[in-house]
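Chains as they are written, first to last, in the working numbering: chain F, 250 to 361; chain V, 355 to 831.
Derived by calculation from the structure, the hints in this document are not laboratory data.
Cβ atoms here follow ideal geometry from the backbone N, Cα and C, with glycine treated the same way.
One should not assume that every hint holds.
Taking lysine-lysine pairs in the BS3-like style, the calculated list, with each CA pair at most 27 Å apart, reads [to be verified]:
(1) V:Lys-749 with V:Lys-829
(2) F:Lys-314 with V:Lys-748
(3) F:Lys-357 with V:Lys-749
(4) V:Lys-768 with F:Lys-334
(5) V:Lys-657 with F:Lys-251
(6) F:Lys-357 with V:Lys-448
(7) V:Lys-768 with F:Lys-251
(8) V:Lys-748 with V:Lys-688
(9) V:Lys-439 with V:Lys-614
Stretch-level coverage of chain V by chain F, calculated; a stretch enters the list once three of its residues show a Cβ under 8 Å from a Cβ in chain F [stated by the list, open to error]:
(10) 493-507
(11) 703-714
(12) 722-733
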Amino acid sequence: MKVTEKEVSHVADLANLELSAEERNRMVRDLNSILGYVESLNELDTSEVAPMAQVSDRYGVDESKEGSERFAYASRDDVREGLRKSFPRDVALANAPDTDGTFFEVPKVIER
Amino acid sequence: MNLTGLTIDSARSAIAERKTSATALAESFFAKIASDDPKIGAYLMLSQERALAKAAAIDRVAEKGEPLPPLAGVPVGIKDVLVTKGLRTTAGSKILGNYVPPYDSMAVVRLEAAGAVVLGKLNCDEFAMGSSNENSAFHPVHNPRDLTRVPGGSSGGSAAAVAADMAVATLGSDTGGSIRQPASFCGVVGLKPTYGRVSRYGLIAFASSLDHVGCFSKTVKDTAIMLRTIAGRDPMDSTSADVPVPDYAAEIDRPIQGLKVGIAKEYFGEGLESETRGAIEAAIQKLASLGCDIVDVSLPHTKYAIPAYYLVATAEASSNLARFDGVRYGFRAKGGGSLSEMYRRTRDQGFGSEVKRRIMLGTYALSAGYYDAYYLKAQRVRTLLTRDFEEAFKKVDVIVGPTSPTPAFKLGEKVDDPLAMYLADIYTVTANLAGIPGISIPVGANQDRLPVGMQIFGKHFAEGMILRVANAYEKAA
């Protein structure tokens, strides 16, 4: 067993999940099964291999250019209300479960 | 004329020649959906008002005899992970059960600008996490070819709608095979383009470095038309590539004699069901008879693709899904307590079990003490998997193989075994890690008349090449 019930609780905390007792038990089982399976990656020596975070680091950009130059096309002028006009407040609030018409409302955060 | 059986081309010309109208076409699709979808479950939401308004606008253009745009009056469906302005978008999740987006995703904008008529939103696995469509929070989708079987996933509704004549073409998303595998299970054409080919603006994120927007249709030519419509640079998605978009439909009829078709032995190993193998080998023979050179290639790291994929995908998902907290949109759990308790209850009640499992796995892989061993390791293996393709494509123009190791499985067959479900993606995930384009086309059926799909991979931005090979096969079959 790589993952204990205590670790599942810790990770659930990090992920803002509560999980029922039954879900926790199942999660211990499932995570161990999946992590056991991914263990095979350790058969590979990757000490000299660079990590790849995303595809567009390498493709779809002008390869004759370097560094930030390569992604020059992705930048835009730093102007107020440039490309993205923001939504009016009522539209931005329309999907919220709770608002006062001006702000999103949430349970009290600060105790005094 | 069987209106719901039309392709993009035939639908558009029927409207242009006034043999039918866009309105009649849309209405016949809504009638078909009303009669057949109750047993299939492909649609989560219909958009009659929006569709009929769009169809009426197309009909006014047609009546004046003015030129029609490329998708004029073509009824399409949209996977419910792509946001649609004013039209509920759930990502198949209870946590977005009442979400009405204030904007349209770029792929939808481009389809409608080209004249397409949006019929509604299509069922899928919750947040596109699944290979059977059984993870939808609303209801599963049944495979139109055999209602006791899954349509594949996560874009199960998108594949089933095309297979059952409930849309001419549909949009889907593919993070680890979610377009190609359901296309194969339902016997339709499904394309995952190159990463960056189609804007992800308005796609509800699962794993941003692996998510792709793509399409389903009945023919390769229709897929070529769909791709040209939705592809291209979009300033709203900084990862969309600034690469010119060719007229794919004009390229697909070019001859394929002399093209080098790679076969990777790693895609024909243990686990490949024998009838599927037979159908794929026959299709390869067909390509040889059309003048292609069949060349052996090796993709030696293939067996590490699923483990690398599930670490990278879940790590990114755990970060992307942190935004669902019951504050700005979506569901919020009832009851008192602190802000942090509200977050937890909301996410506990709002997410389904597979989504929670992946958030947990991803959070674990990113957590202190495990980051290097899991997440970083998987990213290094991603480099190796990508290099495999780069090496192979030095020798060949395309690589072909099975899309899935088996045809469509039974509903309920794998729901209790997440690992078995993940293995359904064994031939598809690597293309997402490497960002290369892949298409699945139907290549016959097994004894139970279940469709088998063949996958064709190409180099980055070589969609024209894989469509050409797919089209040549389709014409000859």
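Indices of hints not satisfied (ascending): Hints 3, 4, 8, 9, 10 contradicted; others consistent.
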